[in-house]
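Generate the whole structure from the sequences, applying the supplied hints.
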Amino acid sequence: MGTARHVKHAVVTGAAGFIGSHLVESLLRQGVTVLGVDRRSPGDNAIAAENLGGVLGHPGFRLVQGDLVTDELKPWVDGADTVFHLAAVPGVRPSWGDTFGEYLACNVLATQRLLNTCVSLGVERLVLASSSSVYGDCTGPLREDGVTAPQSPYGVTKLAAERLALAYALAPDSPISVVALRYFTVYGPRQRPDMAIGRMLRGVLTGTPLHLYGDGHQRRDFTFVADAVAATVAAATAEATAEAVNVGGGDSVSVLDVLRRVGEITGAEVPVLDGAYQPGDVQVTEADLTKARTVLGYRPSVTLTEGIEHHWKWLSARTPTADSPVTVTE
Numbered sequence: 001m002g003t004a005r006h007v008k009h010a011v012v013t014g015a016a017g018f019i020g021s022h023l024v025e026s027l028l029r030q031g032v033t034v035l036g037v038d039r040r041s042p043g044d045n046a047i048a049a050e051n052l053g054g055v056l057g058h059p060g061f062r063l064v065q066g067d068l069v070t071d072e073l074k075p076w077v078d079g080a081d082t083v084f085h086l087a088a089v090p091g092v093r094p095s096w097g098d099t100f101g102e103y104l105a106c107n108v109l110a111t112q113r114l115l116n117t118c119v120s121l122g123v124e125r126l127v128l129a130s131s132s133s134v135y136g137d138c139t140g141p142l143r144e145d146g147v148t149a150p151q152s153p154y155g156v157t158k159l160a161a162e163r164l165a166l167a168y169a170l171a172p173d174s175p176i177s178v179v180a181l182r183y184f185t186v187y188g189p190r191q192r193p194d195m196a197i198g199r200m201l202r203g204v205l206t207g208t209p210l211h212l213y214g215d216g217h218q219r220r221d222f223t224f225v226a227d228a229v230a231a232t233v234a235a236a237t238a239e240a241t242a243e244a245v246n247v248g249g250g251d252s253v254s255v256l257d258v259l260r261r262v263g264e265i266t267g268a269e270v271p272v273l274d275g276a277y278q279p280g281d282v283q284v285t286e287a288d289l290t291k292a293r294t295v296l297g298y299r300p301s302v303t304l305t306e307g308i309e310h311h312w313k314w315l316s317a318r319t320p321t322a323d324s325p326v327t328v329t330e
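As numbered in full-length UniProt numbering, residues 1 to 330 make up the sequence shown, in order.
If you are wondering where the hints come from, they were derived from the structure by calculation, not from laboratory data.
Beta carbons are placed, not taken as given, at the ideal position from N, Cα and C, and that holds for glycine.
Honestly, I wouldn't trust all of these hints.
Computed beta-carbon distance windows for the label pairs [stated by the list, open to error]: (1) E239 with G101: 35 to 41 Å; (2) Q112 with V64: 16 to 22 Å; (3) A167 with P193: 31 to 37 Å; (4) P193 with D274: 16 to 22 Å; (5) F100 with G214: 22 to 28 Å; (6) S254 with T294: 25 to 31 Å.
The structure is reproduced here in structure tokens:
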């Protein structure tokens with residue numbers, strides 16, 4: 001294993017999602033054959049159709065519509081040397097209350113079922129999409145060996161999935177190794193519409209006000225999707241047995257600073273409405289990337305301003321403006 005690993009056939013769960021679809025494209029460019037798994041089908045889901053539009057019909061790609069919680073997984077995983085597990089129910093704010101059962105099933109039980117299947121079939125490497133939400137709040141750069149204290153049900157399920165995966169990798173005679181990537185606020189083309197930067201840019205285009213939760217001084221380590229994908233691909237061949245690794249953008253900035261940059265890039269102010277603090281939202285996220293450099297050779301290459309510019313060009317080419325008769329809702 002280790003640095004001599006080569007990825008030939010990979011499974012990507014959550015393939016029709018934001019990061020997953022970018023990952024599929026990257027793997028196919030490198031000559032990897034990919035089986036994508038997603039609950040959504042491009043035939044009846046517009047987001048899946050758009051996200052996978054560039055790879056549907058590619059000879060190296062096959063998409064199966066299925067559920068990791070209930071379906072038989074062996075036919076999908078059989079023959080894979082690497083599994084990228086990105087499928088999950090996302091979102092801090094919606095994870096409170098009656099929806100938690102879905103978070104538990106999709107983020108924890110599905111991960112355990114997938115790990116069992118990988119071990120039974122001798123899969124060599126699983127790369128898990130974890131989250132900076134496993135940490136909770138911080139007062140300085142977050143290190144992987146630091147305290148994990150998630151402040152939302154979502155964060156709890158991501159930490160549980162991560163711990164499960166690492167436990168499977170460390171079990172005696174386990175055939176599988178695991179790299180869990182703690183993504184910090186990934187943004188860019190295809191980003192979920194509920195995420196901050198996309199909402200700001202849509203606000204400029206459509207006039208839809210942004211609900212600013214908190215006072216705007218809360219800081220986030222924003223990571224452009226191309227950098228997140230580069231780290232994810234590197235994790236497939238990194239020398240590792242059971243590792244959690246931060247993937248950040250290299251700079252923690254305030255929401256007010258992001259609003260300023262969006263205004264400079266678009267030439268228009270983002271319409272803003274004050275909103276109440278939301279349970280589970282932390283004040284600061286900031287990634288220590290020392291381990292990412294050592295284990296993955298990872299260095300973010302896209303600055304926040306460059307990333308917002310990429311996102312703006314993509315979004316402005318496909319979103320109706322405030323003068324359009326078509327209304328875009330979130």
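_Range hint 16 to 22 Å (beta carbons of Q112 and V64) holds or violated_ = 20 Å, holds
*Take a look at whether the Cβ-Cβ distance between F100 and G214 falls inside 22 to 28 Å.*
At 23 Å between Cβs, range holds.
_For the hint 31 to 37 Å, verify it against the beta carbon of A167 and that of P193._
Holds, at about 35 Å.
_Can you tell me whether the CB distance of E239 to G101 sits inside 35 to 41 Å?_
38 Å, holds
*Is the gap between the beta carbons of P193 and D274 within 16 to 22 Å?*
Since P193 and D274 have Cβ atoms about 21 Å apart, the given range 16 to 22 Å holds.
*Is it true that the C-beta distance of S254 to T294 lies inside 25 to 31 Å, as the hint says?*
Because 29 Å falls inside the window, the suggested range holds.
In summary, the structure agrees with every hint in the numbered list given earlier.
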